[in-house]
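Could you put together the complete structure from these sequences and hints?
Residues per chain are reported as follows:
There are 2 protein chains.
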Amino acid sequence: MMRPMEPDQPELTSTANPRVKSVVRLRDRRERERTGRTLIDGARELRRAIDAGVTIDEVFVCASLLRGADARAALDGLDEAGIPLRGTNETVFAKLAFGERAEGLVAIARVPSTALADLALPAEPLVVVLEGVEKPGNLGAVLRSADGAGADALVAASPRTDLFNPNVIRASAGTVFGVPLAAAPRDEVFAWLVEHGIRIVAARVDATTAYTDVDLRGPLAIALGSEADGLTDAWRDATVEAVRLPMLGVADSLNVSVTAAVLLYEARRQRGSVEPAV
Amino acid sequence: MMRPMEPDQPELTSTANPRVKSVVRLRDRRERERTGRTLIDGARELRRAIDAGVTIDEVFVCASLLRGADARAALDGLDEAGIPLRGTNETVFAKLAFGERAEGLVAIARVPSTALADLALPAEPLVVVLEGVEKPGNLGAVLRSADGAGADALVAASPRTDLFNPNVIRASAGTVFGVPLAAAPRDEVFAWLVEHGIRIVAARVDATTAYTDVDLRGPLAIALGSEADGLTDAWRDATVEAVRLPMLGVADSLNVSVTAAVLLYEARRQRGSVEPAV
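Chains as they are written, first to last, in the numbering used here: chain S, 1 to 278; chain A, 1 to 278.
One or more of the hints may lead you astray.
Under the rule of at most 25 Å between Cα atoms (straight-line distance), these lysine to aspartate or glutamate pairs were calculated in the DMTMM-like manner [to be verified]:
hint, chain 1, residue 1, chain 2, residue 2
1, A, K135, A, D28
2, S, K135, A, D252
3, A, K135, S, E227
4, A, K135, S, D252
5, A, K135, S, D70
6, S, K135, A, E227
7, S, K135, S, D206
Residues of chain A placed beyond 10 Å of chain S at every Cβ, according to the derived structure [said to hold, decoys possible]:
hint, residue
8, R19
9, R32
10, E58
11, S64
12, R67
13, A69
14, D76
15, E90
16, K95
17, I108
18, V111
19, I198
20, T232
21, R236
Hints are computed from structural coordinates only; laboratory data are not their basis. Note that the coordinates shown come from a computational prediction; the quantities given were computed from them, not determined experimentally. Note that CB positions come from ideal geometry on N, CA and C, so glycine has one too.
Right, dumping it as structure tokens:
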């Protein structure tokens, strides 16, 4: 399955190698921000980055760990794009990779732009706004929901994690590369929505209106808060409609990625476009 | 916040104490099955167990770690029920507790019955069937969705984890005690559904019918497979309707707890009972 390493690219066999150390440093947010680079762990994640046209600098490969169709597709894509591969042994790879599901591939990639001004939206966009998200796992899970329901963008308002954190990439199963993404302070996000004529529906556990009783058609942003704190009062503006998901059991809230999916799929249903466009 | 320990219950200060060791052994599935006991970590989880009438044998408390309203409510509930508290120091508690969010409370509880025959259902039940679930985190997350949407039961078909695994309890945020729960081999579950006149709708990524195009009213089971494998062919019976959630992005499936929530909340919407019964 593995194409042969080029003869001028000897296998990395020492964890003291400076290339290895520069990869490990990218696990640190400051280093990612300084270099504009991040790490992609896993075959499916890497394949989705390639499909999305993300710029990959180089890829570290442990041939003995490669498995399955995603790895094959990722290697084919890398080959086609002429991206350099660096072979490693298992000891070096264990140092480069994060967690147990590394699948023999770690890539250094350029972080795509997350400027609000760079977002291109369709005429009647369906946008997710996620405020104050802190846990990469939560952001990744919301991205999976947004991708599945075909959200036109996810805008992070005053996030407390970097959007292309390797753990976001991993938790999103690579969908972070498929959903148009931006980040800005909450006031800028709010102003941007108003400027673009996008109505805001905010999910709040204390809202009195059920989400099924509001019109979710037309240009729409669904605003969600962090799991710990919910939305701040910045989203209590008179122009914002607050809705809740009825909680019929013992708990008072759902996982934020679950809330996002229920609201987004209900919006799709109301728009009469649950079926994928052909 | 902490009530004083009884004088005849000296604080546990040694990790070599046999009581400490018997708690630690309950992290092992075989020991849970041998004793019919499990461990509950966390204040919210313990409060929900008490509210649900779960039998608690005893609770280990680290006073210096207790925080917040849930811990207070849990202690009040324990006090009212006369359940013995054992004080521990932080060293012992670190040995008893799992992970970083232990919140100063670990309880030994009796595992409730999970016999299908013990499930009491309303006239037109909305049931979740989850086949082959292996990861406690996935089962816990599906339980949160089932609880939120007011499912009348969750039936695990041929599960590969024990339902009251401490990590299920934790991932479910204690909703495992709020959702009527049963486990049985898949054939028995299927026969039980047929016997009770419960229609089966199966979520499959390869189904041709969108979930919004089927009637989700009346006695209904929503069948979901494990994330790795999906549903087995046991659920391809002619009487089972297969539905899919349209996937409008780059990924081909959602997290199983997200799929569960979208289907359950759509069922609630169709039933005209998204609002909680008063």
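We went through each hint and held it up to the structure:
1. A:K135 <-> A:D28: holds, 15 Å
2. S:K135 <-> A:D252: holds, 24 Å
3. A:K135 <-> S:E227: holds, 22 Å
4. A:K135 <-> S:D252: Measuring from Cα to Cα gives roughly 24 Å; hence the hint holds.
5. A:K135 <-> S:D70: With Cα atoms ~22 Å apart, K135 (chain A) and D70 (chain S) stay inside 25 Å; holds.
6. S:K135 <-> A:E227: Judged against 25 Å, a Cα distance of about 22 Å means the pair holds.
7. S:K135 <-> S:D206: holds, 23 Å
8. R19: holds, 30 Å
9. R32: holds, 23 Å
10. E58: The claim stands: E58 (chain A) keeps its Cβ more than 10 Å from every Cβ of chain S (closest is about 23 Å).
11. S64: holds, 22 Å
12. R67: Holds, since 13 Å exceeds 10 Å.
13. A69: Given that every Cβ of chain S is farther than 10 Å from that of A69 (chain A), nearest at about 12 Å, it holds.
14. D76: holds, 17 Å
15. E90: Given that every Cβ of chain S is farther than 10 Å from that of E90 (chain A), nearest at about 24 Å, it holds.
16. K95: holds, 24 Å
17. I108: Consistent with the label, I108 (chain A) stays out of reach of chain S, its closest Cβ about 21 Å off (over 10 Å).
18. V111: holds, 19 Å
19. I198: The claim stands: I198 (chain A) keeps its Cβ more than 10 Å from every Cβ of chain S (closest is about 19 Å).
20. T232: At about 21 Å from chain S, T232 (chain A) clears the 10 Å cut-off, so the statement holds.
21. R236: holds, 23 Å
The structure fails none of the hints (numbered hints given earlier).
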